[in-house]
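Could you build the full structure based on these sequences and the hints that come with them?
Residue numbering for the sequence shown follows the working numbering, beginning at 1076 and increasing consecutively.
Hints listed in this document are in silico derivations from the structure and should not be mistaken for laboratory results.
Listed next, the in silico DSBU-like pairs over lysine-lysine satisfying Cα-Cα at most 30 Å (straight line): (1) K1161 x K1119; (2) K1429 x K1477; (3) K1509 x K1200; (4) K1444 x K1477.
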Amino acid sequence: MLPYTMATTLVQVVKSERELLVEAHARARLECDVSNSSDVRWYKDGELVSGVGEGVWRDHAALVVGRATRGDAALWRCTYTDRSGKTVSGKPTKLLIYEPVRSVYLAVDGRRLDAGNTWVPVRDKTELEVRCVAEGGVPAPELSWRLVALEPALDHRPYLRVHHTNYSIEGVSVSQAVVTAARELHNATLQCEARQRTAPPAPPAASSAPPAASSAPPAALMAAKLEIHVTYPPSFVISRWPGFGVSLSAGGAAALRCDVDANPPARAWWLRDDANPTSSPPPLESGDESARGSATLRWAALRGAHAGWYRCRASWLDAEYSSIGYYLNVMAPEEHTEAATESEPEPEEPDHQKVEVPLGGNVQLHCPKGSVGCWWRRVVGNSSESWAPAGSHHAHGVLGIKEALYQEGGEYRCVGARAPDLTRLRELKRVTLKVTGE
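As structure tokens, then:
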């Protein structure tokens, strides 16, 4: 119980203090809250001030320091004797001499970051511990953190944890933040701000009254920042032309496209399941799109032999990654003709993609380039199904899904308009989203 009692007493003393902050070499007036100014004694850090010195004088019960310096910074307290002969203490005044913060910097793994080299690499789903250090400063600055992603609407709170600021006796303020890296934080900025109270203007030398209440002076602000460079593994988006759901027949043209999002960028290529899975990717050709993280399989004239399972693969940091499999079904010409007579095809078939995202992962769905549209999601009830808006109602064409849940899987479609006819609304794209993992 003894440590707790001591801590409680200390808090009570601190709460009863007044604080007076002045610029160096400015005039400081220490008030003593007594009704009778006779028999007043002043104490500096508990030591009786026997008499006034050079530049220090009494003004009734108050004590005036003409040019305050660091040597005057202390806890000042006055006492007086009341009519019953009892000694009464006035409220203590803590005199602070303002000193600006000398520097603010960030440190990672105990290493101070240079102002000209603020890029910090970090792996996806790992933690980045950053210390913010403010040297000097009276009063001690308040340290705060800001995490700013490239996507303005991103809520930073799930990714940032801030520990309490510690003040050491060496005049150094330290705060620690922990960032959980994710691909959506790539190129985000982590900034530490040191906000310090400044001293109010000194009252005129001829004035003997305490300064009138006024608005607080502006705070001094210093900051340090770093840029987060997130390394994250490949994720795959597979699309097809003609769109998924359209029958493919022998003799017709078709294409499969794979887009890979990874940092650093991954090289993508297609592999048929009956091929050697350990085979090396094909050599790059001039202008090959696979060097940019995408690959396309094209068939000018399909044949029955082209049918089979295909996977998109990616080479990333000396490791191989693979998408889910896609089965390319090629119908005989007569089968396709018979199917076409049953239902008349649409004038324009929307693109259809199959997108896979791990449980708890993040994914973005984009409307086709050159279009404006909004996203809708298929809602299946007990006895009916309908389409409901998904995400923003503004036609910016992007739907972001963060920390995906199983129930967010299903069908999505982009409804909008495409150039040159921007007046006719139609379904532009359909996506089947699958949430995988445990």
